[in-house]
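Undergrad: Chains A and B, in that order, are what the protein sequence lines are. Going by my numbering, the first residue of the first sequence is number 1, and it counts up by one from there. Going by my numbering, the first residue of the second sequence is number 1, and it counts up by one from there.
One or more of the hints may lead you astray.
Unchecked claim - Simulated pairs of lysine to any residue, SDA-like, Cα-Cα distance not exceeding 20 Å: (1) 130/A with 36/B; (2) 130/A with 32/B; (3) 77/A with 66/A.
Said to hold, decoys possible - Examples of chain B residues toward chain A, derived with CB under 8 Å: (4) 24; (5) 33; (6) 36; (7) 42; (8) 45; (9) 48.
Said to hold, decoys possible - Here are some of the chain B residues that sit facing chain A, going by a computed Cβ distance under 8 Å: (10) 15; (11) 18; (12) 21; (13) 25; (14) 28; (15) 30; (16) 31.
Since the hints were made in silico from the structure, they are not lab data. Just so you know, even glycine gets a beta-carbon here, dropped at the ideal spot from N, CA and C.
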Amino acid sequence: MKKKWPIILAITVVCSMSIGFYLVKLLVPDLPVGTVTAGISGSVLGVGIAIGTAKFRESRKSHNVPDVDERTWINIKNFYAYSLYISLFGSMLLVCVLFALGVETIELGALSIYLLALFMLLVIGTLVVKRQ
Amino acid sequence: MLLKVRNRIKEIRLTKGISQIQMAEDLQITRQTINAVENHKYNPSLELALKLMKYFNVTIDEIFTLEEE
């Protein structure tokens, strides 16, 4: 399982990229080539950096101590439980504030950026919690 | 009445001359977990508690005690 994770990661990225491009093609039929190239190269570079960093860390490791254990999983579960409440209540609060300010519609682009930022925060938080 | 689990893991480990890294390798847990358990910030699961008993070859009451806060 440990050796297969880069392949699983690569397949996941390729599948998500394909679904993403298919959906974007449906919404924006004449998508610029530059955007597609940037998307593909960014994804490939991201996977490359992730796999490279993991391999580098594994090669430098001189002992057989695991990276995660029971305490780490408990910490991660607690983090997700808290972040679920914070993101739900935060989003509701944000909607209420925007509604109070007179905003009646939200652009899909703005919503996708908000969700992207939320996911990025979750990933960074998970990495921080994992190391504690 | 609030009860707190106290342990003597650090004491037993130092008596046996085992380092945290060695213990982490043998029990397949992280060094941070050992630190948290030794500083009474985390109570190990029953599975880990049993592993600790077997590892140090001691009984449960030699490692863990229940104290009133």
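Undergrad: Let me know if the C-beta of residue 33/B comes in closer than 8 Å to any C-beta of chain A, holds or violated.
TA: holds (4 Å)
Undergrad: May I ask you to test the interface hint for residue 15/B with respect to chain A, counting a Cβ-Cβ separation under 8 Å as satisfied?
TA: violated (22 Å)
Undergrad: Taken at face value, is the distance from the CA of residue 32/B to the CA of residue 130/A at most 20 Å?
TA: holds (11 Å)
Undergrad: Measuring from the C-beta of residue 21/B to each C-beta in chain A, is the shortest one below 8 Å?
TA: Residue 21/B check passes; min Cβ-Cβ to chain A is 6 Å, inside 8 Å.
Undergrad: For the hint on residue 45/B, does the least C-beta distance to chain A fall short of 8 Å?
TA: holds (5 Å)
Undergrad: Quick one, is the residue 30/B hint okay against chain A at 8 Å, beta carbons?
TA: The hint holds - residue 30/B has a Cβ within 8 Å of chain A, the shortest such distance being about 5 Å.
Undergrad: Given the hinted pair residue 77/A and residue 66/A, is their alpha-carbon gap at most 20 Å?
TA: Status holds; Cα separation ~18 Å.
Undergrad: Quick check on the hint: residue 25/B CB to chain A CB, less than 8 Å?
TA: holds (5 Å)
Undergrad: Once the shortest beta carbon distance from residue 42/B to chain A is found, is it less than 8 Å?
TA: Since the shortest Cβ distance to chain A is 6 Å, the answer is holds.
Undergrad: Checking hints one by one. Is residue 36/B an interface residue toward chain A, by the C-beta closer than 8 Å rule?
TA: At about 6 Å, which falls below the 8 Å cut-off, the nearest Cβ of chain A leaves the hint on residue 36/B intact, so it holds.
Undergrad: Hey, does the residue 48/B contact hint survive, CB to chain A under 8 Å?
TA: The hint holds - residue 48/B has a Cβ within 8 Å of chain A, the shortest such distance being about 6 Å.
Undergrad: Holds or violated: is there a CB of chain A closer than 8 Å to the CB of residue 18/B?
TA: violated (14 Å)
In terms of the numbered hints stated before, the structure departs from hints 10 and 11, listed from lowest to highest.
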